[in-house]
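Engineer: If you read the protein sequences in the order shown, they are chains A and B.
The opening position of the first sequence corresponds to residue 1 in the working numbering, with each subsequent residue numbered one higher.
The opening position of the second sequence corresponds to residue 1 in the working numbering, with each subsequent residue numbered one higher.
Among these hints, one or two may not hold up.
Some chain B residues well away from chain A (every beta-carbon gap over 10 Å; in silico) [unchecked claim]:
{"id": "1", "residue": "Arg112"}
{"id": "2", "residue": "Asp206"}
{"id": "3", "residue": "Gly262"}
No farther apart than 20 Å at their CA atoms in a straight line, the calculated lysine to any residue pairs in the SDA-like style are these [to be verified]:
{"id": "4", "chain 1": "A", "residue 1": "Lys84", "chain 2": "A", "residue 2": "Phe63"}
{"id": "5", "chain 1": "B", "residue 1": "Lys254", "chain 2": "B", "residue 2": "Phe240"}
{"id": "6", "chain 1": "B", "residue 1": "Lys229", "chain 2": "A", "residue 2": "Arg5"}
{"id": "7", "chain 1": "A", "residue 1": "Lys276", "chain 2": "A", "residue 2": "Arg142"}
{"id": "8", "chain 1": "B", "residue 1": "Lys229", "chain 2": "A", "residue 2": "Thr2"}
{"id": "9", "chain 1": "B", "residue 1": "Lys229", "chain 2": "A", "residue 2": "Met1"}
{"id": "10", "chain 1": "A", "residue 1": "Lys276", "chain 2": "B", "residue 2": "Gly108"}
{"id": "11", "chain 1": "A", "residue 1": "Lys84", "chain 2": "A", "residue 2": "Val35"}
{"id": "12", "chain 1": "B", "residue 1": "Lys254", "chain 2": "B", "residue 2": "Asp301"}
{"id": "13", "chain 1": "B", "residue 1": "Lys229", "chain 2": "A", "residue 2": "Asn206"}
{"id": "14", "chain 1": "B", "residue 1": "Lys254", "chain 2": "B", "residue 2": "Glu265"}
{"id": "15", "chain 1": "A", "residue 1": "Lys84", "chain 2": "A", "residue 2": "Ile59"}
{"id": "16", "chain 1": "B", "residue 1": "Lys229", "chain 2": "A", "residue 2": "Arg142"}
{"id": "17", "chain 1": "B", "residue 1": "Lys212", "chain 2": "B", "residue 2": "Lys296"}
{"id": "18", "chain 1": "B", "residue 1": "Lys229", "chain 2": "A", "residue 2": "Glu208"}
{"id": "19", "chain 1": "B", "residue 1": "Lys229", "chain 2": "B", "residue 2": "Glu256"}
{"id": "20", "chain 1": "B", "residue 1": "Lys254", "chain 2": "B", "residue 2": "Glu264"}
{"id": "21", "chain 1": "A", "residue 1": "Lys84", "chain 2": "A", "residue 2": "Phe45"}
{"id": "22", "chain 1": "B", "residue 1": "Lys296", "chain 2": "B", "residue 2": "Glu267"}
{"id": "23", "chain 1": "A", "residue 1": "Lys84", "chain 2": "A", "residue 2": "Ser108"}
{"id": "24", "chain 1": "B", "residue 1": "Lys254", "chain 2": "B", "residue 2": "Asp215"}
No lab work stands behind these hints, which were simulated from the structure alone.
Everything numeric in this text was worked out from a predicted model, so none of it was measured.
We treat Cβ as the ideally placed atom computed from N, Cα and C, and that holds for glycine.
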Amino acid sequence: MTAFRFSLNDFTLSLLSVLFEGLPFLVFGTLISGVIDAFVPSGWFRRAMPRSRFLSVAISGLFGLIFPLCECGIVPVMRRLIRKGVPPACAVTYMLAAPIVNPITLLSTLAAFQGQGPWWMASMRLGLGYAVAVGVGLLVLRLRPEAFLRDAAADVPADDAAAEGDRPLASRLAQALRCSAADFLDVAAFLVMGAAIAGVFNTAVNREIIAPLASSTPLAVASLMVGAVVLSLCSTSDAFIAATLTQFPFSAKLAFLIFGPVFDLKLAFMYNAVFKTWFVALLALGSGAAIFWVCVNISLQPF
Amino acid sequence: MASRCGIDGGSGGWRTRVAESLGPLTLVCWGAVFLAYFGRGDLAVFVAPFFRPLVAAAGVALAAVGFGLCVLPRRSACGHHDHDHGHGAGAGCCEEHGHSHDESLSFGLVVRTVTLFLPLALLFSVRPEGFSATTVRNRGIIRAAPPTDKPLEVEVAAPAARAPDAGPRKIGAEAIFSEPEQHRATIGAGGAEELTVYEIMVLSADPELRQKMADARVTVIGQLVHDAKNGARFDLVRMFVVCCAADARVLGVKVEGAAPAGIEEMEWVQVEGTLAFEQSGPGVPQPTIRAARVEKADEPDEPFLY
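Just chain A, with the same shape it has in the complex (with noise of 0.2 Å):
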């Protein structure tokens, strides 16, 4: 058995279908991120949020339900978020979230777990998707933002609502038209780099080594959050690809699901256009920990 054979022509069609299938989205979140830029006054989010924090962070990630974005789209949209005045806790708990927390991956996830618990999958997946995205939002709220936030991210401007107030409708379209370029193309590199890694995982090796993986839990949860990492799925389709994976535990297959879209790779060099290095790898790894721990010490076996 060959573990890696590369073919350049398969790697360019993998990497070249998950941006034909992500960029779309990256453009329409970076367009909302240049209007919510242009239109929203500052401090505006920070006013209409609850005066709770924790209840903050609760709702936040429930924003999904009403603005469904995936994570190619969410990271720009977070980052204005951040520039308008949104706590970076209730941010980063809807960008995180979001991608799991909304009607099409609910859909998506009962659709391809026909005949195997569909309804308890989706909700388990919901459910601790939730749960890990407010638990990290919690301890951000302990962290100051230029902490963990890029200098770009975390340069939040004093409140100037009443100054934008008098701007003429062409200039808030061409700064929006002008930040929406500048998010895009900020980010888009990012999303090429992870997807190229992600290529070349998904074509050149060989998935016959990873079938042993499944004989224990704890290496079956583990390693199908490592392939959740590398594969660099979307989250409305990732489903569709844990439900074939039948020789894993159903909790291998809920790590695949909640791990994958809280970080994988193409994810991790997003993130590094707004966080800190130390932030985006204490992320992976506490996620993953929580996730790793919940999926291998809690029975989450269907009725």
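Please build the complex by placing chain B on the supplied structure of chain A, with the hints as guidance.
Structural biologist: Quick look at chain B alone, frame taken from chain A:
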């Protein structure tokens, strides 16, 4: 006329002008590629039908933003500033405040631009038209549908009256399940059924249908993959895709019969033969086609199954 950052300002000269052009150029190029691939129908090998209009919409948006950046005066773009400064094009007009405004042709900008153009260079130099057998072997061939307690959701094919001399009748897997009695009575009643690899796998998961379809004549189109251990068999495979080619799973049916000379791996072939189901291990029995005829076939308009 409003002056443009770094152009009339004279802070960067040609380096600034190049830096300012890279962003809009990148956006317009990607937008043009999106629109060209959508317009020519070349997205079939990359993404599922649902995503194709999104690619077109994104192409329009990218091209519009790129051209917009070219025509916007800098001061208008950053209308809330009274000063004039040297942003690179699309260089984070608003968020970079407090940082260096004078984005010239920096190393980071060059790396970013090269990174964004590399996939396009690969696209036009490699021009992928489908996966090779390398990826099929790396991903492994799925030979049996996972056991389910519900019918799988696939395209509906309306039942059609059958004339005695009619050619192969197309049948959809959902029709098999949704009107079981009516359809099961006709399946395998004689003549070749034109099925997909996926439909055969769905059939093989149902004990009653397996019984009815055993020894039925079928015609199936797929891509040929040699069996390295047995020259008298080969795999007939189709890629099953949900969103894009990156998530493709390889569905395959064993074919008993030597592949004709002159047909390369992953070429499209049409196999006609009789269907059998072999219980080679635990789980659902695997379907096999005992080939009576194998010949080259044209690639379908949709190379992937969805």
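Engineer: Take the hints in turn and mark each one as holding or not.
Structural biologist: Verification of the supplied hints:
1. Arg112: The claim breaks: arginine 112/B does not keep its Cβ more than 10 Å from every Cβ of chain A (closest is about 5 Å).
2. Asp206: Since the minimum Cβ distance to chain A is about 13 Å, aspartate 206/B lies beyond 10 Å and the statement holds.
3. Gly262: holds (21 Å)
4. Lys84/A with Phe63/A: holds (17 Å)
5. Lys254/B with Phe240/B: holds (17 Å)
6. Lys229/B with Arg5/A: holds (19 Å)
7. Lys276/A with Arg142/A: holds (16 Å)
8. Lys229/B with Thr2/A: Answer holds: lysine 229/B to threonine 2/A is near 15 Å, not above 20 Å.
9. Lys229/B with Met1/A: Roughly 13 Å between the alpha carbons, so the hint for lysine 229/B and methionine 1/A holds.
10. Lys276/A with Gly108/B: Satisfied, since the Cα-Cα distance of roughly 17 Å is no more than 20 Å.
11. Lys84/A with Val35/A: Given that 20 Å is the threshold and the Cα spacing comes to 11 Å, the pair holds.
12. Lys254/B with Asp301/B: Since the Cα atoms of lysine 254/B and aspartate 301/B sit roughly 24 Å apart, the hinted pair is violated (cutoff 20 Å).
13. Lys229/B with Asn206/A: holds (18 Å)
14. Lys254/B with Glu265/B: Cα-Cα ~15 Å, so holds.
15. Lys84/A with Ile59/A: holds (18 Å)
16. Lys229/B with Arg142/A: Violated, because 61 Å separates the two Cα atoms, which is more than 20 Å.
17. Lys212/B with Lys296/B: violated (29 Å)
18. Lys229/B with Glu208/A: holds (17 Å)
19. Lys229/B with Glu256/B: holds (13 Å)
20. Lys254/B with Glu264/B: holds (17 Å)
21. Lys84/A with Phe45/A: This hinted pair holds, its Cα atoms lying about 7 Å apart.
22. Lys296/B with Glu267/B: Holds - the C-alpha atoms of glutamate 267/B and lysine 296/B are around 8 Å apart, at most 20 Å.
23. Lys84/A with Ser108/A: violated (32 Å)
24. Lys254/B with Asp215/B: holds (15 Å)
In terms of the numbered hints stated before, the structure departs from hints 1, 12, 16, 17 and 23, listed from lowest to highest.
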